[in-house]
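Asks: Input sequences plus hints: build the corresponding full structure.
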Amino acid sequence: NAGVTQTPKFQVLKTGQSMTLQCAQDMNHNSMYWYRQDPGMGLRLIYYSASEGTTDKGEVPNGYNVSRLNKREFSLRLESAAPSQTSVYFCASRLVAGGPNEQFFGPGTRLTVL
Amino acid sequence: QQQVKQSPQSLIVQKGGISIINCAYENTAFDYFPWYQQFPGKGPALLIAIRPDVSEKKEGRFTISFNKSAKQFSLHIMDSQPGDSATYFCAASRAAGNKLTFGGGTRVLVKP
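So the protein sequences, as listed, match chains P and G.
Using this note's numbering, read the first sequence as starting at 1 and increasing by one per residue.
Using this note's numbering, read the second sequence as starting at 1001 and increasing by one per residue.
Simulated from the structure, these hints should not be mistaken for laboratory data.
It should be emphasised that the depicted structure is a prediction, and the values quoted were computed from it without experimental measurement.
A couple of the hints might just be wrong.
Straight-line alpha carbon distances no greater than 25 Å define the calculated PhoX-like cross-link-like pairs of lysine-lysine that follow [to be verified]: (1) G:K1068 - G:K1015; (2) P:K57 - G:K1058; (3) P:K71 - P:K9; (4) G:K1058 - G:K1015; (5) G:K1058 - G:K1071; (6) G:K1042 - G:K1015; (7) P:K71 - G:K1058; (8) G:K1015 - G:K1071; (9) G:K1005 - G:K1058; (10) G:K1099 - G:K1005; (11) P:K57 - G:K1005; (12) G:K1111 - G:K1099; (13) G:K1042 - G:K1005; (14) P:K71 - G:K1015; (15) P:K9 - G:K1042.
Listed below are several chain G residues computed to face chain P (Cβ distance under 7 Å; list not exhaustive) [to be verified]: (16) P1044; (17) F1089; (18) G1104; (19) R1107.
Far from chain G, some chain P residues (derived; all Cβ distances over 12 Å) [what the hints assert, rightly or not]: (20) G3; (21) A24; (22) N30; (23) D38; (24) N65.
A virtual CB, placed ideally from N, CA and C, is assigned to each residue, including glycine.
Replies: Shown next as structure tokens:
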């Protein structure tokens, strides 16, 4: 079991460039999440997918789009990167059966936008 | 608007000492309060969680204390060890809900 995997681990973009962050989980979880982590701000939810075929905005969705490709995969796209999007991005998944369940996090993608 | 406020931002404790991290929340609909531990270069991982029907939960050297009337909860790390050096995040959600709201994090350094 690999758990939650993310690619790439590191990325440097120039302002205006686009890119897609990939996330996959092999735990048969129903819900998937994208967070960004900035110093002193904790983790802030960008988008989430409660189940295959649905996506919803989180706390900080502006400048991002997501796709729940199938039950395993949830991608995050930056259409026109800005320096304010420099951050560490984490994908997480959650089973959602019968009560509160922990979210399992991937190792993160460190993104720098110049 | 940060719905979960965490303090302190950082703390240094000697080996064997007690680390205490505090969190306060605003939304009275929250009824699930987990703590996550994050080591450098890694994603957060669940450490311990509590529901508001109990005032305290202990797992090994880690204890959550919960005060529903004050809308506050805290993490105590007893007999702190250098291996406990990490960033700790409190969080809150509705148990039946989908979204966790995180505090700002506390970086803990345990000196040998």
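Asks: It remains to establish, for every hint, whether it holds in the given structure.
Replies: Hints, one by one, checked against the model:
1. G:K1068 - G:K1015: Violated: K1068 (chain G) and K1015 (chain G) sit about 31 Å apart, past 25 Å.
2. P:K57 - G:K1058: 35 Å, violated
3. P:K71 - P:K9: Cα-Cα ~22 Å, so holds.
4. G:K1058 - G:K1015: Holds, at about 20 Å.
5. G:K1058 - G:K1071: 19 Å, holds
6. G:K1042 - G:K1015: 23 Å, holds
7. P:K71 - G:K1058: Not OK: K71 (chain P) and K1058 (chain G) at ~35 Å, beyond 25 Å, violated.
8. G:K1015 - G:K1071: Distance ~30 Å between K1015 (chain G) and K1071 (chain G) Cα, so the pair is violated.
9. G:K1005 - G:K1058: At roughly 22 Å apart (the allowed maximum being 25 Å), K1058 (chain G) and K1005 (chain G) satisfy the hint.
10. G:K1099 - G:K1005: Cα-Cα ~17 Å, so holds.
11. P:K57 - G:K1005: Cα-Cα ~22 Å, so holds.
12. G:K1111 - G:K1099: Violated, at roughly 35 Å.
13. G:K1042 - G:K1005: Satisfied, since the Cα-Cα distance of roughly 23 Å is no more than 25 Å.
14. P:K71 - G:K1015: 44 Å, violated
15. P:K9 - G:K1042: 11 Å, holds
16. P1044: 5 Å, holds
17. F1089: Hint holds; F1089 (chain G) Cβ to chain P Cβ min 6 Å, cut 7 Å.
18. G1104: Because about 5 Å separates G1104 (chain G) from the closest Cβ in chain P, which is inside the 7 Å limit, the hint holds.
19. R1107: Since the shortest Cβ distance to chain P is 10 Å, the answer is violated.
20. G3: 9 Å, violated
21. A24: 14 Å, holds
22. N30: 10 Å, violated
23. D38: Contrary to the label, D38 (chain P) does not stay out of reach of chain G, its closest Cβ about 10 Å off (not over 12 Å).
24. N65: 19 Å, holds
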